[in-house]
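For the protein sequence lines, the chains are U and Z, in the order given.
Residue numbers for the first sequence follow our numbering, so the first one is 1 and each next one is one higher.
Residue numbers for the second sequence follow our numbering, so the first one is 1 and each next one is one higher.
Be aware that one or more of the hints could be misleading.
[Stated by the list, open to error] Cβ pair distances, simulated, as ranges:
{"hint": "1", "chain 1": "Z", "residue 1": "Arg141", "chain 2": "U", "residue 2": "Ala187", "range": "46 to 54 Å"}
{"hint": "2", "chain 1": "Z", "residue 1": "Pro149", "chain 2": "U", "residue 2": "Ala46", "range": "21 to 29 Å"}
{"hint": "3", "chain 1": "Z", "residue 1": "Ser21", "chain 2": "U", "residue 2": "Ala182", "range": "20 to 28 Å"}
[Stated by the list, open to error] From the derived model, a few chain Z residues whose C-beta atoms are all more than 12 Å from chain U:
{"hint": "4", "residue": "Ala23"}
{"hint": "5", "residue": "Arg86"}
{"hint": "6", "residue": "Val104"}
{"hint": "7", "residue": "Arg106"}
{"hint": "8", "residue": "Ser108"}
{"hint": "9", "residue": "Arg146"}
{"hint": "10", "residue": "Lys148"}
{"hint": "11", "residue": "Glu156"}
In case anyone wonders, no lab produced these hints; they're calculated from the structure.
Model, not experiment: these values are computed from the prediction.
For glycine and all other residues, C-beta sits at the position ideal for the given N, C-alpha and C.
Read off the chains here:
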Amino acid sequence: MVSAMGELNELLPFHVNGTLDGDERAAVERALGRDAALRADVAGLARLRDAMQAQGMGQSPGAFGKARVMRDIARMEAAALVTATPVTAAPRRSAAPFTSMLAAATIAGLFAFGIGWFSASEDAPFTLASGGTVAPVQGPVLTVAFRPDATEAQIAALLRDNRLGIVEGPTAIGLYRVEVQASANLAELAARLRAADSVIESVGLP
Amino acid sequence: MTLVVNSITADRPVNVRHPMSEADLGHLMRRTAQRDKAAFAALYDALEGPLHRFLRSRLNDPFEAADIAHEVFLELWSNASRFEGRSSVKTWVFGIAYRKAMDVYRRSGRVSYSDDLPDSEDDSPDSEACMIAVEQGEHVRACLERLKPDHRVAIELAFFDDLSYREISQIAEVPEGTVKTRVYHAKQLLMHCLAGRVGKAKDNL
Chain U
1 MVSAMGELNE LLPFHVNGTL DGDERAAVER ALGRDAALRA DVAGLARLRD
51 AMQAQGMGQS PGAFGKARVM RDIARMEAAA LVTATPVTAA PRRSAAPFTS
101 MLAAATIAGL FAFGIGWFSA SEDAPFTLAS GGTVAPVQGP VLTVAFRPDA
151 TEAQIAALLR DNRLGIVEGP TAIGLYRVEV QASANLAELA ARLRAADSVI
201 ESVGLP
Chain Z
1 MTLVVNSITA DRPVNVRHPM SEADLGHLMR RTAQRDKAAF AALYDALEGP
51 LHRFLRSRLN DPFEAADIAH EVFLELWSNA SRFEGRSSVK TWVFGIAYRK
101 AMDVYRRSGR VSYSDDLPDS EDDSPDSEAC MIAVEQGEHV RACLERLKPD
151 HRVAIELAFF DDLSYREISQ IAEVPEGTVK TRVYHAKQLL MHCLAGRVGK
201 AKDNL
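Just chain U, with the same shape it has in the complex (with noise of 0.2 Å):
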C-alpha cells in the first residue's frame, strides 16, 4: 500500500515511464487525481523523459564492434578445437608393452583419423578438453586447407570477408571445416575461396 507523500514521489518517475504496475499505478494515480503539485511534478518528469531520449544513442562501434567480437568468437573457436577431443574418437588404450607397437598404432590411427574424422564426426558434438561441449552444425560446411606460410591475420580476414566460421580442425593432415551461411550460394563461395590461392590451398564442397 502506497501511502506516504515521499515514496508517491519516488515512484513518479516509474509512473512517467509506465512500468508501475498494480497497486502502485492505481496509488499513484489516485493521488495524481487530487494533487495539482503531484500533476505538475509528473509532466516536469515527462518533459525531462523526453529531453533524455531525445539525447540520442550518441556514437557506438556499431560495425566495427560487431567484426571484433565475431573475429574474437572464431579465435575462441578455433582455440578451442586445436585442444578438443572428439567424442567419437577410440578410447585411450592403456600403456602398450612394445614400444614399437605403439608408434605403429598411433601412425596408423592418425591416417585413419585424418581420413575419418570428417565423416565420422558429421553430427556429433565434440567434448571440449575443458569440459564445455560444441553443438553439431547447422548449415553447410567446406573443408578447406589454409597454405602453411598463411598468416593467421590473412586467414582471419578471409573467414570475415565470406562470413565463415571454423568449427572443426585442423585435422591430423591440416584440414578445417568452416560453416558457411546458409543462404550462401556454394560454388561462388569456393570460387571465391580458392582464388585467393595467397590464403586457401584447397577447397572441397560437402
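On the provided structure of chain U, position chain Z as indicated by the hints.
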C-alpha cells in the same frame, strides 16, 4: 521495449527494420545458446547501442565503454545457455555489463566524484527555469554528465531505457528502495542543475 534491428535469420537472411520484443530477444538468446551466429549477430544489433550508452554513462569514457561492451558480448556468446528467462534479456545483459564496469572501478581504484549540487529532497528548484533549460539538449547533456555515476545510471535506465525499478535493481544489484531513491535524487539534482544553468545565462545577459 522497442528496439529496431536488422533481422537476420537462417531462413530469412534479409535486412528488415522492425521492433524487437522481449519474446524476439528471448528467441535469439536460445538460438545463440545453440551457437547460432546469425542470431547472435541480431542480438548484437539490438543491444549494442543501448549497452554502449549504458557503459559510457557508467564509465564516462567511450573507448573503455567499447572495450567492456566487447567483453560483455563475448561473455554473452559463451554463456547464453545460462540465461533462464527469470529476467528480461536486456536486464541480464546489462547486469553483466554493470558487474564488469564495477570491476573496472575496483581495478583502477576509481571513486565516484562528488556533486556540488544539493542532495536534498527538500530543495525546490525553480520549476520554470528547469522547464526552459530542459528544452535545450546541451543543458540536459551537461547536467547528466555532472551526476554521480550511480545517479546517472539509475535515471538513464529509468528514462532512456524505460526500465522498471525492479529491473534496475537486478542490474545494479541494489535494493529496489535504493533505486527509487537514486532516481528521485538524480531528478532533483538534474532540476537544480538545469535551473542553475538558466540562471547563469540570465546573469550573463
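Here is what the structure says about each hint:
1. Arg141(Z) / Ala187(U): 46 to 54 Å: With Cβ atoms ~53 Å apart, the hint holds.
2. Pro149(Z) / Ala46(U): 21 to 29 Å: holds, 25 Å
3. Ser21(Z) / Ala182(U): 20 to 28 Å: Since serine 21(Z) and alanine 182(U) have Cβ atoms about 24 Å apart, the given range 20 to 28 Å holds.
4. Ala23: holds, 18 Å
5. Arg86: Nearest chain U Cβ is 18 Å from arginine 86(Z), so the label holds.
6. Val104: holds, 17 Å
7. Arg106: At roughly 24 Å from the nearest Cβ of chain U, arginine 106(Z) sits farther out than 12 Å, so the non-interface label holds.
8. Ser108: holds, 21 Å
9. Arg146: Per Cβ check, arginine 146(Z) is outside 12 Å of chain U; nearest 14 Å; holds.
10. Lys148: Nearest chain U Cβ is 17 Å from lysine 148(Z), so the label holds.
11. Glu156: At roughly 7 Å from the nearest Cβ of chain U, glutamate 156(Z) sits no farther out than 12 Å, so the non-interface label is violated.
The earlier numbered hint that this structure contradicts is number 11, and it is the only one.
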